[in-house]
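Peer 1: Here is what each chain is made of, one letter per residue.
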Amino acid sequence: MDNNNEIRIGFYICHCGSNIAGMVDVADVAQYVEKLPGVALSRHYKYMCSDPGQELIQQDIKDHKLNRVVVASCSPLLHEHTFRQATEKGGLNPFFFHMVNIREHDSWVHTDRQAATEKAKALASAAIQRVAYHKPLEMKKVPIHPDVLVVGGGIAGIHAALTLANAGKKVYLVERDPTIGGHMARFDKTFPTLDCAACILTPKMSAVGSNPNITLWSYSEVAEVKGYVGNYKVTVRRKPRYVHEDLCVGCQECIKACVYKEPKFPDEFNEGLGKRKPIYIPFPQATPQVVLIDPETCLQLKLGKCKQTCVAACADRQAIDFHQKEELKQIDVGTIILATGFKTFDAKRLAAYGYGVHQNVYTALEVERLVNASGPTGGEVVLRDGQKPKAIGIIHCVGSRDEKTNRWCSRVCCMYSLKLAHLLKEHSDPATEIYNFYIDMRTPGKGYDEFYDKLLDEGVHFIRGRVGEVTDWAFTPEEEGKLVMRVEDTLAGYVRRIPVDMVVLATGLEPHTDAQAVRRMFNMSCGSEGFFLERHPKLAPVSTFTDGVFIAGCCQGPKDIPDTVAQAGAAAAEAMALIDKKYIEQEPNTAFVDETDCSGCKSCVPLCPYSAISFVEDKKKAVINEALCKGCGTCVAACPSGSIHQNLFEDEEIFKEIEGVLAYD
Amino acid sequence: MKYAYYPGCSLRGTGRAYEESLLPVFKALGVEWQEIEDWNCCGATAYMAVDEVKSCVLAARNLAIAEKAGYSDIVAPCSACYLVLNKARHYVEESKAIANTVRRALKTANLTYNCKVKVRHPLDVLVNDVGLDRIKKRVTRPLRELKVVPYYGCQIVRPYSTFDDQANPTAMDRLLNALGAELVYYPLKTRCCGGSLTGTLPEPGLLCTYILLKEAIKRQADVMSTCCSLCQFNLDAYRDKIAAKWEPVEIPVVFFSQLMGLAFGLPAEQIGLQRGFAPMKPLPAPGVAA
Ligand SMILES: Cc1cc2nc3c(=O)[nH]c(=O)nc-3n(C[C@H](O)[C@H](O)[C@H](O)COP(=O)(O)OP(=O)(O)OC[C@H]3O[C@@H](n4cnc5c(N)ncnc54)[C@H](O)[C@@H]3O)c2cc1C
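One line per chain: the protein sequences are Z and C, in this order.
Just so we're aligned: the first sequence equals residues 1 to 665 in the numbering used here.
Just so we're aligned: the second sequence equals residues 1001 to 1290 in the numbering used here.
FYI, nobody ran anything at the bench for these hints, they're computed from the structure.
A quick note: this is a predicted structure, and the numbers were derived from the prediction, not measured.
From chain C, some residues computed to sit far from chain Z (all C-beta separations above 10 Å):
(1) ASN1040
(2) THR1112
(3) VAL1130
(4) ARG1134
(5) PHE1233
(6) ALA1237
(7) ILE1242
(8) ILE1251
(9) PHE1264
Each computed DSSO-like pair below joins lysine-lysine, with the alpha-carbon atoms no more than 27 Å apart:
(10) LYS1218/C - LYS482/Z
(11) LYS275/Z - LYS307/Z
(12) LYS482/Z - LYS390/Z
(13) LYS189/Z - LYS275/Z
(14) LYS1281/C - LYS1136/C
(15) LYS1214/C - LYS482/Z
(16) LYS1147/C - LYS482/Z
(17) LYS388/Z - LYS348/Z
(18) LYS1218/C - LYS348/Z
(19) LYS35/Z - LYS62/Z
(20) LYS1147/C - LYS1281/C
(21) LYS1218/C - LYS390/Z
(22) LYS1096/C - LYS1118/C
(23) LYS1118/C - LYS404/Z
(24) LYS1218/C - LYS1245/C
(25) LYS1241/C - LYS1147/C
(26) LYS1218/C - LYS388/Z
(27) LYS621/Z - LYS226/Z
(28) LYS65/Z - LYS135/Z
(29) LYS388/Z - LYS275/Z
(30) LYS305/Z - LYS275/Z
(31) LYS1107/C - LYS1096/C
(32) LYS140/Z - LYS630/Z
(33) LYS1245/C - LYS482/Z
(34) LYS348/Z - LYS1147/C
(35) LYS275/Z - LYS239/Z
(36) LYS1281/C - LYS1214/C
A virtual CB, placed ideally from N, CA and C, is assigned to each residue, including glycine.
Take these sequences, add in the hints, and give me the full structure.
Peer 2: Below, the structure is given as structure tokens:
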């Protein structure tokens, strides 16, 4: 490259309109740099990132025989790629380019023009010194396995899996519960349009079940994840359902035949409001349409003694197998989408609301089942004590916007409280009074505020104030036997006591209890609240800090179904963008081991946060997997023999940079 | 461990039954205590409201004496004492100005206060230091079939809740449970008893008291158990006035330590049970230890 080893650097300082030039004397900096050793030319220009700016670099490389390029402008995050490309088009290796950030690091954060100009000179001098030592490098190319793993079969996972499968990708959908559908499958109607949840969800569920590109593993969990973007090796644990999925046709004769004549055990799908048998199917449209046996309640599995009337009913199909064992499946995938959703806040944590103490205090999810035509009461609002309520209070923000529990807004509770108010009214005596106790009404979204207006017209009461207590102690004879809601009505300006028959707690959305374990398994991060962290809150909302792992839906944070579906589509598209490119390009700023010096001490191996370093026993040397290395530099700094180096951060490059910034004049 | 014992005025006055029962119970459990010498008013209620800093000085003098004598913990059974002593410690820790005034005042008596001694409520000592297992072992006459309302009052949970949940304290629940008593669900655990309002503005004060008693009766309790001398007094002493205004509310209100005494088999008159206005119904025949 450098024929006679003469370094010829082209330096460009950008005005960025007045963003930089307003605070930094760009002409002065250019003049200063011009005199530095190795600099062949130095220019200032209004917008370096513009087409003419880039062409200027390309032309100069040819005309002035440049072999290094330095641009002082904005953050490399914005335009490093642009200028590397320009350098390459000019005929140089793109890594002979170096960028100096004098906008975010200088002009935007200083108010003294002279000092800011001096700082720009120091930074420029550092870059000039360092770039002379740059070596030609190439972007890494790693092939990508075309199959995708989707974890979690709520609406997010379902939508992502179908999008990918319809585009011809092979998808493994792993769902923990016996059926897919997630929370949405439990709802009666969905805000704001009040379309029936089952009508819009179940066609998608059965499409998942029948799509040849989707392998659906329900009642399963991911046990282990190894590898890196493009090449993940995943182990899935399939829990025994004691029924062979391929043999069961979902006729449910076995359920009818069970020795328990009546359903006896709390039914998870109905939030414990209904009952099921030990052999059951979670709900009529469950996908897969396969029964399962609960080992905790089945006599045969628990006690080893039962007439096994279910087996007799299944007859020749022989789908029931009391000896079924847990199964481990190994799969290779290139990309992963996490769509594990949320759990609702445990209402028992707020003792003042009496959930679990007063039987007529319900959670919102329970009410979803209560107003559901296929729910435990056939859609009739009948309370646990058999009464039909004449007054109902809905408390918003239970476990949301509360310093003592969760600080965040759960985003959907105002809307679902409105929905439940409407449905409760529809399913009860028209004279039933319904009160909403809110802090603020939060109804942004298409058609959402209109929905709020509609509820106001329907005569639902809205009281602004956080309820202090739900209690059964009475102040007046009218309160005897009622649940009394004590609240400061902050609009009326006094404390009120409102007697009701039923209280609904609009519990907020929380990360799953095992979110941290899942995060570690997939090498992701969580925000302070525990939801999975996106790579960038605005510009990379479904990517994570682990390449090839995407997130969608409520596992990333509380959101409604429209936003969940949008994210799921986005995650599928991001996965496809990787798959269809067939390989990924990675920065070459990886670390490498100089084997002649490596003493085989292994101290680097456990330090690597990405598990990229392994130890080759026969050579007694450490090796770094380029595809896994993120270039963090931990091993480089830790290596006692100095035998680990890192591209773009080699010792002489760093020392020269330091020298340049400290010893400029 | 030896605890410094701070009776305060009420345990020598209206709340005498509290001391009469607590000390024998401590003794029965092998808890050692010594009354701090030359103690003075804790600075509670009225004084706190009139002049916070001076009331802090009063409280701090007691703490300083306990510290000087080398105690690590000071036990204050009266909830008002417990609160004010705790408050003094918080104020001295949080405000330089108050700390200075307190230091200067104490210096005149050759005392210093270094925020070392911990202020403890007997419920805390019994449940967390002695432990429910040791208490259970000492029970000779379990309170089976006795339906008890656990009533805490406000001062041991507000504003500081040093050893229990602020909204739903449970230390006394667990203790009564260990005595074999049947607990009655009572959502008014920490609701106001009327406090000193009953003396100054009887109307709203008595209403508070009435609600507490009425609800205990409605829930079919045999007895209310308290841990505060003022609560006990309010709930016990104004029955005629309440009956005149609303309805009779005949339910005995005792200190938790009296129920402990009973469960430990101590004679009723030795634990001050004769002092209450509403007598407790006789316990079922003594059974075997739980
Ligand atoms: C009471 C209530 C009413 C609501 N009403 C509405 C409404 O009317 N309209 C609306 O737009 N939104 C509504 N929402 C919000 C809606 O529920 C969410 O937007 C939606 O469910 C998010 O879908 P998801 O797929 O991200 O999560 P989920 O529905 O929670 O699905 C996640 C799935 O992942 C599975 N899973 C979890 N962890 C694992 C794991 N480790 N391995 C494998 N599988 C796992 C779960 O079993 C579940 O099936 C409501 C929310 C609540 C609480």
